[in-house]
Amino acid sequence: MAKHGYLKEFTKGIVKENPVLCLVLGTCPTLAVTTSASNAIGMGVAATAVLICSNAVISALRKVIPDKVRIPAYITIIAGFVTIVQMLVKAFAPAINDSLGIFLPLIVVNCIILGRAEMFAGKNPVLPSILDGLGMGVGFTAALLCMGIIRELLGSGSVFGVQLLPFKILIFILPPGGFFVFGMLIMLANKLNTRAGREVKTTPCDGCPMAANCSQKAEKCGEKEAAEHVD
Amino acid sequence: MLIKSLVAVFLAAILTENYVLCKFLGICPFLGVSKKLNTAFGMSVAVTFVMVLATAVTFPIYTYVLVPAGIEYLQTVLFILIIAGLVQLVEIILKKYIPSLYKSLGIYLPLITTNCAVLGVTMLVLQKVDSTTLYDYTYLHALINAFGAGIGFMVAMVMFAGVRGRLESADIPKSLKGLPITLVSAALTALSFLGFAGVVDKLIPLS
Numbered sequence: 001m002a003k004h005g006y007l008k009e010f011t012k013g014i015v016k017e018n019p020v021l022c023l024v025l026g027t028c029p030t031l032a033v034t035t036s037a038s039n040a041i042g043m044g045v046a047a048t049a050v051l052i053c054s055n056a057v058i059s060a061l062r063k064v065i066p067d068k069v070r071i072p073a074y075i076t077i078i079a080g081f082v083t084i085v086q087m088l089v090k091a092f093a094p095a096i097n098d099s100l101g102i103f104l105p106l107i108v109v110n111c112i113i114l115g116r117a118e119m120f121a122g123k124n125p126v127l128p129s130i131l132d133g134l135g136m137g138v139g140f141t142a143a144l145l146c147m148g149i150i151r152e153l154l155g156s157g158s159v160f161g162v163q164l165l166p167f168k169i170l171i172f173i174l175p176p177g178g179f180f181v182f183g184m185l186i187m188l189a190n191k192l193n194t195r196a197g198r199e200v201k202t203t204p205c206d207g208c209p210m211a212a213n214c215s216q217k218a219e220k221c222g223e224k225e226a227a228e229h230v231d
Numbered sequence: 232m233l234i235k236s237l238v239a240v241f242l243a244a245i246l247t248e249n250y251v252l253c254k255f256l257g258i259c260p261f262l263g264v265s266k267k268l269n270t271a272f273g274m275s276v277a278v279t280f281v282m283v284l285a286t287a288v289t290f291p292i293y294t295y296v297l298v299p300a301g302i303e304y305l306q307t308v309l310f311i312l313i314i315a316g317l318v319q320l321v322e323i324i325l326k327k328y329i330p331s332l333y334k335s336l337g338i339y340l341p342l343i344t345t346n347c348a349v350l351g352v353t354m355l356v357l358q359k360v361d362s363t364t365l366y367d368y369t370y371l372h373a374l375i376n377a378f379g380a381g382i383g384f385m386v387a388m389v390m391f392a393g394v395r396g397r398l399e400s401a402d403i404p405k406s407l408k409g410l411p412i413t414l415v416s417a418a419l420t421a422l423s424f425l426g427f428a429g430v431v432d433k434l435i436p437l438s
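Sequence lines, in order, name chains H and W.
Its first residue numbered 1, the first sequence is counted upward by one per residue in our numbering.
Its first residue numbered 232, the second sequence is counted upward by one per residue in our numbering.
Source of the hints: derived by calculation from the structure; they are not laboratory data.
Hints are supplied without guarantee of correctness; some may be wrong.
Each pair of labels, with its calculated beta carbon distance range [as the list claims (entries may be wrong)]: (1) H/Pro125 to W/Ser423: 34 to 40 Å; (2) W/Ala428 to H/Phe160: 26 to 32 Å; (3) H/Leu88 to W/Ile234: 22 to 28 Å.
Keeping only pairs whose Cα atoms sit at most 27 Å apart, straight-line, the calculated DSS-like set for lysine-lysine is [claimed, not checked]: (4) H/Lys123 to H/Lys68; (5) H/Lys63 to H/Lys12; (6) H/Lys191 to H/Lys12; (7) H/Lys90 to H/Lys16; (8) W/Lys408 to H/Lys12; (9) H/Lys191 to W/Lys433; (10) W/Lys405 to H/Lys16; (11) H/Lys16 to H/Lys168; (12) W/Lys359 to W/Lys405; (13) W/Lys433 to W/Lys266; (14) H/Lys12 to H/Lys90; (15) H/Lys123 to H/Lys191; (16) H/Lys68 to W/Lys327; (17) H/Lys68 to W/Lys267; (18) H/Lys191 to W/Lys235; (19) W/Lys266 to W/Lys405; (20) H/Lys68 to H/Lys8; (21) W/Lys359 to W/Lys267; (22) H/Lys90 to W/Lys359; (23) H/Lys16 to W/Lys326; (24) W/Lys334 to W/Lys235; (25) W/Lys267 to W/Lys433; (26) W/Lys359 to W/Lys266; (27) W/Lys408 to H/Lys191; (28) W/Lys408 to W/Lys235; (29) W/Lys326 to H/Lys68.
Facing chain W, from chain H, some residues (calculated, C-beta under 7 Å) [stated by the list, open to error]: (30) Cys28; (31) Ala32; (32) Ala60; (33) Ile75; (34) Ala79; (35) Val82; (36) Ile84; (37) Leu88; (38) Phe92; (39) Leu106; (40) Val108.
We treat Cβ as the ideally placed atom computed from N, Cα and C, and that holds for glycine.
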C-alpha cells in the first residue's frame, strides 16, 4: 500500500465515514455523555484508546481466531482493553470517571468498536488497522465534541466551564435536548454529503457489526428511505 | 414496607428512570426496530426476558464471588461474557424446545448481546445496592428493577412506534427525512417523560 493509502485509512473516519454522523454508530454514548464539552473529550479519548488497541490486537490475531467464534473473541479482547482503560481513568482522572459513570464500562458494547473489528481489523494488516482505529476515534471524538459544545453552550451557557452566555436553556442538557441536537447535526451532515455529491448512506447495515448474523436484514435493509441501524 | 419498596422500584424503572428516554441506554434498537408495532413489541419482550435472566445470574455472581474475592474489576469482562453466553443458550433452547416462540423472538436475540441496555441494567443495579439508604436493596429488588426496566423499554418502544406510524404519512422536508425527523420526534417523546420526575416519590412515600 502506498503512503497516501495509509493517509486515506486515517482520514476517512474523520469526515467521509464519520462513525457518528454518517454511519450512525455509537448513538448511546453520543447522546448520554455530551452534556458538556469536557465529558465529550473524556469519552472520545477513552473510546479512541480502546479502538486503537483492540484494532491492533484483533488484526494481529485475525488468522488465529476461527471465523465461527470471532464475535465472542472480539468482545473478550475489547472488554479486556475497556477494563484497562477504566482502571487508568479511575486512577488518573477520577473526575472524568465520575461524570462518565456507567458509560465508561459500556464502551465494550459501543458498536463503533465491534463494527471496526468486524469490518476492518479482522481483514486487514496491523498498521492500516491502527490508522483506521485512530481515524475513527478522532472522528468519534470530533462529533462528540461538536455536540458537547453546542449542548453545553445552550444548556449551561458555558464552554469547557467558561461562562459565555448570560442565559441558559436547561432543556439542552436534558435528554430531549440530546436527541434534538443529534437530529439537527445528522441533518446537517446529510445536507453537506448531498451537496458534495456523495451518496447519503441509507442502508445502515453497511456499518452495523451484527449485520452478518442479523436475520432482519432482508426485511429492514430493503427499505431505502430510512437511515436506521440495529445494534 | 417490602412490597411498597418493590412497587416503588418497579414504577421508578418504568417512568422516572426509563432506560431509553432518561438514561440513553439501548438507543440503537429504539431507533432501529421501532418502525412497526409488532416488531417493536417482539424486541421489547426479548429484551425484558434477557434483562431479568442476566440480572438473575450476574447479581449473585457479583455479590458472592467477585466481592469476596476482591476482583470487582473483572465485572465488565465477566458480565459481557455471561450475557453473550446466556443469549446463545436461550436461543438454542428456544430453537429446540419451543420453536413457535423462537420464530417470533429468535430473530431479535443475536441483536441483544450488544444492546447496552442489558449490560447497563446489570451494572447500574449494583450501584443502587450501595446508594439506596431507605431500605435494603435485595436480590428481589434487583430482579424487579430489571423487569421494570424491560417494561419501560417496551413502553418507550411501543409509544415511539405509534409516533413513527404517524410520521409515515406526514409531509417532511427533504433534508429531515429518515433519521433526523426520527430523532426530533424522539426528543418530543423524551420530553413527555420529563413530566414524570418525582412522581414515584410522591405516590409511594418510603420514609
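Given the proposed pairing of H/Lys191 with W/Lys235, does the C-alpha separation stay at or below 27 Å?
52 Å, violated
When the least beta-carbon distance from H/Val108 to chain W is tested against 7 Å, hint result
5 Å, holds
Sort out whether W/Lys235 lies within 27 Å of W/Lys408, counting only the CA atoms.
Not satisfied, since the Cα-Cα distance of roughly 46 Å exceeds 27 Å.
Can you confirm whether the C-alpha distance between H/Lys123 and H/Lys68 stays at or below 27 Å?
15 Å, holds
For the pair we were handed, H/Lys12 and H/Lys90, check the Cα-Cα distance against 27 Å.
Roughly 32 Å separates the two Cα atoms, so the pair is violated.
Please check whether H/Leu88 and W/Ile234 have a Cβ separation lying inside 22 to 28 Å.
44 Å, violated
What's the verdict on W/Lys359 and W/Lys405, does the C-alpha distance respect the 27 Å limit or exceed it?
45 Å, violated
For the pair supplied as a hint, W/Lys408 and H/Lys12, confirm whether the alpha-carbon distance does not exceed 27 Å.
25 Å, holds
Using the nearest Cβ pair, does H/Phe92 come within less than 7 Å of chain W?
At 15 Å from the nearest chain W Cβ, H/Phe92 fails the 7 Å test, so the hint is violated.
Given H/Leu106 as an interface hint, is the shortest Cβ-Cβ distance to chain W below 7 Å?
This interface hint holds because 5 Å falls under the 7 Å limit.
Take a quick look at whether H/Lys191 and W/Lys433 sit within 27 Å of each other, Cα to Cα.
Not OK: H/Lys191 and W/Lys433 at ~46 Å, beyond 27 Å, violated.
Is it true that the CA of H/Lys90 sits at most 27 Å from the CA of W/Lys359?
19 Å, holds
Comparing the model with each earlier hint shows violations of hints 1, 3, 7, 9, 11, 12, 13, 14, 15, 17, 18, 20, 21, 23, 24, 25, 26, 28, 32, 36, 37, 38; every other hint is respected.
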